[in-house]
Amino acid sequence: MAKWGMVIDLEKCTGCQACSTSCQMENNRLPGENYQDVLYYTEGKQPTPTLKWFPRPCMHCEEPSCMHVCPTKATYKTEDGVVLIDWNKCIGCKYCMIACPYGVRFYTDEKPLIEPNLKEVFKGEGDLSWAPPYKGPQQDPTHGVGIQPPGVVSKCTFCYHKISKAPKGVPDLDEDVAELREFVPACVRSCAPKARYFGDLDNPNSRVNRLISEKNGTRLLDHTGNKPQVYYLTGAGAAGSAVPSSRSTTNKS
Amino acid sequence: MSNSKPASVNQVWLASLAALVVSVAVVGMNLMSKGHAAFNTTSHGPLPWGLPVVTYDYFVSFSIGMAFVAGAALVFNIEGLYASMKRILWIAVAALIGGILVLGLELGHPFRATYAILFNFQTTSPLFWKPILVFLYIWVLLASYAKVSKPGWSPAGMRPLGYALFVTGGFLAAGSAAVFGLMSMRPVWYDPMLPVYGIFESMVMGMAGIVVALAIGHGGVANAPEPTRKLLDGFGRHSMALFTALLLVSVVVRAWGGLWSNLDGLQVWRAVVASPVFWIELIALAAALFLLLQAQGSLLLAAVLVILATFIGRYEFVIAGQLVPLFKGSWVPGLVNYAPSLTEWMVALLGLALNFAIYTFGEKQFDLSASPAS
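Heads up: the sequence lines are chains A and B, in that order.
Residues 1 to 253 in the numbering used here are what the first sequence lists, from first letter to last.
Residues 254 to 627 in the numbering used here are what the second sequence lists, from first letter to last.
Straight-line distance between alpha carbons at most 20 Å, and here's what the computed DMTMM-like set of lysine to aspartate or glutamate pairs gives:
id : chain 1 : residue 1 : chain 2 : residue 2
1  : B       : K287      : A       : E115
2  : B       : K287      : A       : D127
3  : A       : K3        : A       : E175
4  : A       : K165      : A       : E79
5  : B       : K287      : A       : E125
6  : B       : K287      : A       : D109
7  : A       : K194      : A       : E175
8  : A       : K165      : A       : D80
9  : B       : K287      : A       : E120
Note that these hints are calculated values from the structure, not bench results.
Let's have the full structure, built from the sequences with the hints guiding it.
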């Protein structure tokens with residue numbers, strides 16, 4: 001069984017947000033529910049501040065704290081290493097949102113980020129919290145795929161509706177390989193500078209493994225022990241994207 | 254209904270009913286029309302747990318505190334509290350019901366929670382153990398209440414239940430604190446000793462709660478039965494002063510440590526200390542301690558100040574632990590802005606009003622002053 005993981009090359013990432021946009025389209029996300037986000041921040045002060053950015057999907061950790069704290073086992077890890085939510089079990093306690101060090105989980109029933117509230121404009125029926133004018137064909141509540149019902153938490157699924165249908169045994173899901181294209185997560189497929197790679201972390205011949213070892217892949221907040229399955233390549237020539245080690249706090253002295 | 258009850262019982266009963274009507278109307282209307290969008294908690298804020306979680310957690314701790322003190326009285330044979338045992342346990346029941354109702358209004362699927370937590374057996378989650386402990390605690394509490402409701406109940410016969418109250422209350426207080434204290438990704442909360450702190454904070458709340466209940470139930474602490482009054486003037490006052498002093502020290506030391514540390518996440522303490530609410534908490538605790546150390550200082554005022562300070566402390570703790578944003582868009586200095594919405598305040602009021610309504614209903618309908626056989 002594969003252990004799916006992602007590599008993001010920060011030397012190539014231009015911060016264009018094609019990944020965020022395609023994720024929103026693919027997964028019918030509301031504004032603010034950014035399963036995949038590019039975070040912008042500045043480092044340094046005037047007159048020499050630097051604009052930085054950092055692409056951040058769910059890390060699909062090996063030891064996900066969100067899963068361990070979920071009191072109903074609604075958050076679970078599949079055999080192929082993907083962290084998902086069973087919306088039929090979620091009670092909306094939001095403890096997973098507290099426990100996730102990366103802030104990549106979203107609660108359905110909240111004040112809208114922008115007006116008008118799209119959930120009011122496109123009202124959902126039954127178990128759907130809203131009915132977007134274009135909706136992907138997939139609706140799989142036990143894997144947290146599709147439009148979520150009210151009162152639950154949702155998150156990035158690594159486009160589980162795609163990757164779960166990939167042929168068994170392939171080391172990488174590469175959009176350049178025509179027969180695999182449909183199984184590639186939306187953010188990887190739409191990455192114009194090809195900064196994202198998706199493959200089997202357990203397969204020694206996979207490209208993701210090669211990149212991690214050759215380019216010294218690092219994981220975000222590794223000290224938490226969550227062991228993310230998303231690796232970042234920082235290299236030496238990253239223009240603006242960077243792995244932040246911590247928040248920059250104001251000096252006391 | 255009995256007419257021999259002090260006026261304070263009727264006044265609190267009417268006030269709590271009025272507050273219930275208002276809060277149920279506002280909460281019902283807003284939650285039915287907007288759902289949880291009526292709360293100011295957001296994923297993109299991001300602050301998942303707001304005032305309703307603070308209130309629920311506080312009421313549960315308060316209930317545990319009452320049960321704790323009742324258990325301690327039975328275990329250590331503190332006779333001065335026997336005449337108030339039924340009242341104390343009834344208030345513990347009332348506070349627990351208020352807390353659980355508030356939690357129900359906070360959860361996305363409260364009815365699903367009643368069975369999904371139990372049957373999925375996620376033993377790694379503190380939120381699996383807490384409901385299990387609450388379930389045990391409810392049974393021990395109800396059994397204890399049923400037993401002291403019988404005329405001429407025997408303290409010796411109650412001792413096993415006293416131990417059970419003490420043990421389940423202790424584990425539940427520790428388990429409630431562990432929900433926060435085990436979160437290593439939240440430095441303000443993370444502390445393996447937090448469960449111990451939770452036990453001791455519950456004790457202070459329990460002591461203060463008993464004083465307020467006696468004041469309402471008897472129309473003033475001075476009208477309480479002789480053994481209870483003697484206890485409150487001596488050992489009760491001194492032990493409450495000791496625990497209040499320890500609480501005051503712990504609040505100062507925690508803030509001090511937070512201000513001193515460079516650990517990422519603890520910068521939130523600068524905002525906490527800059528808030529007037531923090532100083533209200535400190536002043537309330539200091540004033541309560543001052544009153545408790547005076548032989549003639551008002552016990553009731555000290556108890557009210559302790560309840561106010563512990564609620565502020567719980568709010569500060571739960572909210573401050575979430576104020577440093579994770580990877581939601583910014584990790585530069587600057588904290589999440591959060592102030593409870595009107596609906597959240599009304600949820601808190603609803604819980605409080607329900608507590609008081611249930612308590613005063615008990616005062617009016619049952620004889621909460623029933624003493625054991627002498």
